[in-house]
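Trainee: In the order they appear, the protein sequences are chains W, E and A.
Note that the working numbering has the first sequence beginning at 1, numbered continuously upward.
Note that the working numbering has the second sequence beginning at 1, numbered continuously upward.
Note that the working numbering has the third sequence beginning at 1, numbered continuously upward.
Think of the hints as simulated: they come from the structure by calculation, not from any bench.
Just so you know, even glycine gets a beta-carbon here, dropped at the ideal spot from N, CA and C.
Mixed in with the good hints there might be a few duds.
The calculated lysine-lysine pairs, modelled on DSS-like cross-linking and capped at a C-alpha distance of 30 Å, are [claimed, not checked]:
{"no.": "1", "chain 1": "W", "residue 1": "K160", "chain 2": "W", "residue 2": "K377"}
{"no.": "2", "chain 1": "A", "residue 1": "K138", "chain 2": "W", "residue 2": "K353"}
{"no.": "3", "chain 1": "W", "residue 1": "K150", "chain 2": "W", "residue 2": "K133"}
{"no.": "4", "chain 1": "W", "residue 1": "K403", "chain 2": "W", "residue 2": "K160"}
{"no.": "5", "chain 1": "W", "residue 1": "K133", "chain 2": "A", "residue 2": "K138"}
{"no.": "6", "chain 1": "W", "residue 1": "K90", "chain 2": "A", "residue 2": "K138"}
{"no.": "7", "chain 1": "W", "residue 1": "K403", "chain 2": "W", "residue 2": "K197"}
{"no.": "8", "chain 1": "W", "residue 1": "K452", "chain 2": "W", "residue 2": "K469"}
{"no.": "9", "chain 1": "W", "residue 1": "K194", "chain 2": "W", "residue 2": "K210"}
{"no.": "10", "chain 1": "W", "residue 1": "K356", "chain 2": "A", "residue 2": "K138"}
{"no.": "11", "chain 1": "W", "residue 1": "K454", "chain 2": "W", "residue 2": "K253"}
{"no.": "12", "chain 1": "A", "residue 1": "K138", "chain 2": "W", "residue 2": "K112"}
Facing chain A, a subset of chain E residues (Cβ under 8 Å, in silico) [stated by the list, open to error]:
{"no.": "13", "residue": "A55"}
{"no.": "14", "residue": "P77"}
{"no.": "15", "residue": "G78"}
{"no.": "16", "residue": "A83"}
{"no.": "17", "residue": "M84"}
{"no.": "18", "residue": "F86"}
{"no.": "19", "residue": "A90"}
{"no.": "20", "residue": "F103"}
{"no.": "21", "residue": "P104"}
{"no.": "22", "residue": "M107"}
{"no.": "23", "residue": "V108"}
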Amino acid sequence: MRNNETKGPAKPARRRVIKQGAALSAAGLLGPVLSSSVFAQGDDLAPYKAARINWRQAEGQEITVAVIPASYFENLISLQPQFEALTGIKLRFEKVPPGQIRQKAVLDLSSKTGTYASHASDPMYYPLYVANKWVEPLDTYLNDASLTDKAWFQFDDIIKAWRDANSMNSKPYGVPYDGEVTVQVYRKDLYAAKGLKAAATLDELVANAKALNDPANRMYGIALRGFAGAGQNMYIYPSILKGFGGNWGSGGKVVVNSPQHVAALTWYVDTLTAYAPPAVRNWNWPDIADAFSQGTLGTYVDAHSSAAVINNPEKSKVVGKIAYATWPKGPAGQCATSIWNWGFPINAALNDKQKKATWLFIQWAACAETQARTSWKFAGPAKRSGINRVSLWKSPDFAAAMKGMGDNFIPAALDSLEHDTDVDWRPRVPQWPAIGDTMGTAVQAALVGQKKPKEALDEAQARIDQIMKG
Amino acid sequence: MTAAARGSVRLEGVVKRHGTTTVLHGVDLAIEPGEFFVLLGPSGSGKTTTLRILAGLEDVSAGRVLMDGEEVTHAEPGERDVAMVFQSYALYPHMTVAGNVGFPLKMVGTDAATIERAVQEAAAKVGIGHLLARTPGQLSGGQQQRCALARAIVRQPRLFLLDEPLSNLDAKLRLETRLELHALQRALGATTVYVTHDQEEAMTLADRIAVFMDGRIVQVGTPRDVYARPQSVAVAGFIGTPPMNLLPARWEGDALVVDGQRLPAPSRAPVPRDVTLGIRPGHVTTATQGVAAHVERVEDLGDASIVTFVAGEHRIKQKSERAATVREGDTVALAFATDSLHLFDRATGARL
Amino acid sequence: MRTATTAAARRRTRNLVLAAIAGVGVAVWVFPVLWGLLTSFKTERDVLAYPPAVFFTPTLANYREVLFGASSILPNLWSSFVVATAATALTMLFAIPAAYALGRLRYPYKRASGFYVLVTQMLPPVGLIIPYYLVLQKIGALDTYVGLAVIYLTFALPFAIWLMVSYFEDVPLEMEEAALLDRAGRMRALWHVILPQVRGGIAVTTIFVFLNAWNEFLFAVVLGGNRVRTVTVAMFNFISVEQTQWAKVAAGAMLAMLPVILIGIFAQRHIVKGLTVGAVKGGGRR
Numbered sequence: 001m002r003n004n005e006t007k008g009p010a011k012p013a014r015r016r017v018i019k020q021g022a023a024l025s026a027a028g029l030l031g032p033v034l035s036s037s038v039f040a041q042g043d044d045l046a047p048y049k050a051a052r053i054n055w056r057q058a059e060g061q062e063i064t065v066a067v068i069p070a071s072y073f074e075n076l077i078s079l080q081p082q083f084e085a086l087t088g089i090k091l092r093f094e095k096v097p098p099g100q101i102r103q104k105a106v107l108d109l110s111s112k113t114g115t116y117a118s119h120a121s122d123p124m125y126y127p128l129y130v131a132n133k134w135v136e137p138l139d140t141y142l143n144d145a146s147l148t149d150k151a152w153f154q155f156d157d158i159i160k161a162w163r164d165a166n167s168m169n170s171k172p173y174g175v176p177y178d179g180e181v182t183v184q185v186y187r188k189d190l191y192a193a194k195g196l197k198a199a200a201t202l203d204e205l206v207a208n209a210k211a212l213n214d215p216a217n218r219m220y221g222i223a224l225r226g227f228a229g230a231g232q233n234m235y236i237y238p239s240i241l242k243g244f245g246g247n248w249g250s251g252g253k254v255v256v257n258s259p260q261h262v263a264a265l266t267w268y269v270d271t272l273t274a275y276a277p278p279a280v281r282n283w284n285w286p287d288i289a290d291a292f293s294q295g296t297l298g299t300y301v302d303a304h305s306s307a308a309v310i311n312n313p314e315k316s317k318v319v320g321k322i323a324y325a326t327w328p329k330g331p332a333g334q335c336a337t338s339i340w341n342w343g344f345p346i347n348a349a350l351n352d353k354q355k356k357a358t359w360l361f362i363q364w365a366a367c368a369e370t371q372a373r374t375s376w377k378f379a380g381p382a383k384r385s386g387i388n389r390v391s392l393w394k395s396p397d398f399a400a401a402m403k404g405m406g407d408n409f410i411p412a413a414l415d416s417l418e419h420d421t422d423v424d425w426r427p428r429v430p431q432w433p434a435i436g437d438t439m440g441t442a443v444q445a446a447l448v449g450q451k452k453p454k455e456a457l458d459e460a461q462a463r464i465d466q467i468m469k470g
Numbered sequence: 001m002t003a004a005a006r007g008s009v010r011l012e013g014v015v016k017r018h019g020t021t022t023v024l025h026g027v028d029l030a031i032e033p034g035e036f037f038v039l040l041g042p043s044g045s046g047k048t049t050t051l052r053i054l055a056g057l058e059d060v061s062a063g064r065v066l067m068d069g070e071e072v073t074h075a076e077p078g079e080r081d082v083a084m085v086f087q088s089y090a091l092y093p094h095m096t097v098a099g100n101v102g103f104p105l106k107m108v109g110t111d112a113a114t115i116e117r118a119v120q121e122a123a124a125k126v127g128i129g130h131l132l133a134r135t136p137g138q139l140s141g142g143q144q145q146r147c148a149l150a151r152a153i154v155r156q157p158r159l160f161l162l163d164e165p166l167s168n169l170d171a172k173l174r175l176e177t178r179l180e181l182h183a184l185q186r187a188l189g190a191t192t193v194y195v196t197h198d199q200e201e202a203m204t205l206a207d208r209i210a211v212f213m214d215g216r217i218v219q220v221g222t223p224r225d226v227y228a229r230p231q232s233v234a235v236a237g238f239i240g241t242p243p244m245n246l247l248p249a250r251w252e253g254d255a256l257v258v259d260g261q262r263l264p265a266p267s268r269a270p271v272p273r274d275v276t277l278g279i280r281p282g283h284v285t286t287a288t289q290g291v292a293a294h295v296e297r298v299e300d301l302g303d304a305s306i307v308t309f310v311a312g313e314h315r316i317k318q319k320s321e322r323a324a325t326v327r328e329g330d331t332v333a334l335a336f337a338t339d340s341l342h343l344f345d346r347a348t349g350a351r352l
Numbered sequence: 001m002r003t004a005t006t007a008a009a010r011r012r013t014r015n016l017v018l019a020a021i022a023g024v025g026v027a028v029w030v031f032p033v034l035w036g037l038l039t040s041f042k043t044e045r046d047v048l049a050y051p052p053a054v055f056f057t058p059t060l061a062n063y064r065e066v067l068f069g070a071s072s073i074l075p076n077l078w079s080s081f082v083v084a085t086a087a088t089a090l091t092m093l094f095a096i097p098a099a100y101a102l103g104r105l106r107y108p109y110k111r112a113s114g115f116y117v118l119v120t121q122m123l124p125p126v127g128l129i130i131p132y133y134l135v136l137q138k139i140g141a142l143d144t145y146v147g148l149a150v151i152y153l154t155f156a157l158p159f160a161i162w163l164m165v166s167y168f169e170d171v172p173l174e175m176e177e178a179a180l181l182d183r184a185g186r187m188r189a190l191w192h193v194i195l196p197q198v199r200g201g202i203a204v205t206t207i208f209v210f211l212n213a214w215n216e217f218l219f220a221v222v223l224g225g226n227r228v229r230t231v232t233v234a235m236f237n238f239i240s241v242e243q244t245q246w247a248k249v250a251a252g253a254m255l256a257m258l259p260v261i262l263i264g265i266f267a268q269r270h271i272v273k274g275l276t277v278g279a280v281k282g283g284g285r286r
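Sequences and hints are given; from them, build the entire structure.
Mentor: Structure follows, in structure tokens:
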């Protein structure tokens, strides 16, 4: 009964597939592929068998992988029968709400229960995991020829910024499966009407917002995440900080109240106070995307994957009016795009057989073929935009799948990913969860006007000093 | 087995302690089958505790309880074949009157038809036969009291225990019910132990009374006995409305000296001694000579009058069936009929 | 005469004001529910429409999706039902005799112990998650109905006892003694006489325990898993990191609320009855 997560979606998906497949086939697009299989995304295992490893070396093992409920994982879950057919490993997925997956993973890892062979992991948690040796260093797996066909898997093809985010001391601990990067999203129609162009600097961003801001007609210039949290406002603020030339300190000391910090927070507070909807203080990015999709925002800076929401024909009113650009540079002439990825580590509490099974799962999920099958080859409507490989980002198939997202979508995102980010855009220390929440609260307190930016940051600094000591 | 043949009760040296307080100091009591027996005493005297011990609701600390010669000291309440009417009636509010009355039968598995017959019979006896379908909440206080009574009589127990069953009724209803209760007990012929602090109730209902004081039985006897020959100052002061006048006196030869006044004594003192002199208010008369007093208060009850005199430091009450002939402030001399005087030892309070 | 009319007028005004206050209170309470109900019949596009559409073409698609779609919450409703029912049954099984005993017992610091129970309710449950997780893990009860129900029991029991003790205390001791004399014995006295007096309290407590278990999220998400996933946890399938499907969230919430509302309506009669029975003058008051 409880298997519906894994088996349930497969059925309607297949039905849809057959219909769509037939339609596409009639158009002569996918004829040859369909002749070998009735399933558009294919359950052909040949592309995997090209890898020169024994996929069935951990046959009979059972592993459970925790993911969050999100379409990019749903797509992967629908391929679970293929994985089982390929490896003979019994694979179960468990969907855990995004707010709880970290907690559950930490409980599982710290108690060495071994419930989750792997889980969709927050890159900011690797310092904690590694300091406690809760997860396996993956270099040994990558370098073991019996486990990994390097030429086939092409680990280095995976986007470097994400790989680095999942590495500690140059050793990888998690393999990125899906990721995102923050970009500037704007209404090209409104910009064109006022003769504006995508902002190259934060000043221009403010100027654009000012030009479009018209609250009387339910039009606001800009929105950025205002909701407090390590993964909410603390996903955006650090990029602004980098733009102002700030950093998070060094040598085991975390600094959050430098003059650059104060300047960055002041800019954030002033901009949102002047040109954002008043409710922005409680907005996370889905709220921003919803507002943008209803045509009430001129621009926002957030994850590129939000393009799926603002282009959703079922609810968006701005389809075809969207364009993208990289983060505007700050006064320091630089910027660091916020990046994110869900990677898969190996739970160190497993036995060797299970670890092998888990690695085979990770290799399968992160390889180019599975990435394609969960993106443009996926039969359902949700084509993943967070694929993990440079080669795939540059492929015409991906470009075709992302065509409807708006102008400059792939270039803006890929440019940011390749050139415009910094693995240390947030402080990578084991204490990050507490620090992130402390800072999230401080940033929000400043935004709502409870405290002056300097005051909020000084208090956060004091608290963070305590956290680092404890 | 007839009702009269069963229902004898004996308490032997029953002691009850709560922690360090002793509530009953060795109570001995024998109640005959069919008797209407009243436990009378002020609150805290141990009468209710004694009743609860009979019911099995309280354990004894020492002593034995026998019913029909059989020891029941540690028997559960339900095993004693006794029924009780509580002061609060303790009706089951979620059941109808019929349900309440039939409950003790239902609990021993009596079949429904028998229960129904018995319930109707019992309800008819107490005059609530027409109220069987109601719930206690829909009854007046008097009806509730009868319902509780019906619940007790329905099972024909060997012993009825009644804990101040009339105290929650208004004065008029109390008098009526008192008579009915007495008639009912006579009709059923079942042994009845009745607790009250109201000595008038005790006098009118009881075959015999046990007077409780401070955890002891101080006197057992018929109402007439207890009234006419109280065995102690305490009993004398408790019984009668108003209670007996009690005056310190010195008994010398065949005279009693009260406040310097010499009154004739009912008998000759063996040796001169200090006594407490008791005289019922009904036996106080005014005369040309006697104890000097003045009238403090006159209460006219219509059919009777009560006059309060002050003699020296003492108050003396007079009760008469006629309208008072004195007025407040009058100075009079009081006379006591010699054969109506009660003498008690000053130190022990015992009757002489 | 004039004072009488002014008094009547004043009374009428006061009633109007009271009615208005009550009306505002009800409106504040009802509004979110009504809004959720409307939302559950909207398309995602209508949900975001501004100004909010009061008139729209209702759709059952959200309910279809939530009930029979890829991420149907039917199994989760069942999970919630099993866990909440088991937790409630277990809790009441222990709480009723315990509350009865405590209601009858006289012991020192009784008040203090009641306060202690309240204090345990004030502790943030987050602090207990890790120990509970470890305990359940050691006995292999993670992601089991029994495990979760027993955890809920530990929370609900003190509170249920505390709540019911006062109801038991309100039953006159004499009523129980009457039952003993009527040959009921302890158990039947409890069953036939005491429990009917406190059924209002039992109903209230049962509902409370059930609702708490039904609505619980934190422990359900951490201690549950693929086998035991309650509806509160499953609702998050519609609030993903990608987008919030408001209409489906609303449909799911309405379905999750339905049993709760049904229980409320069903139990209301019992509660009211329990209260009136307790209030009659002949209920053995002193």
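Trainee: Need the list of violated hint numbers for this structure, in ascending order.
Mentor: none
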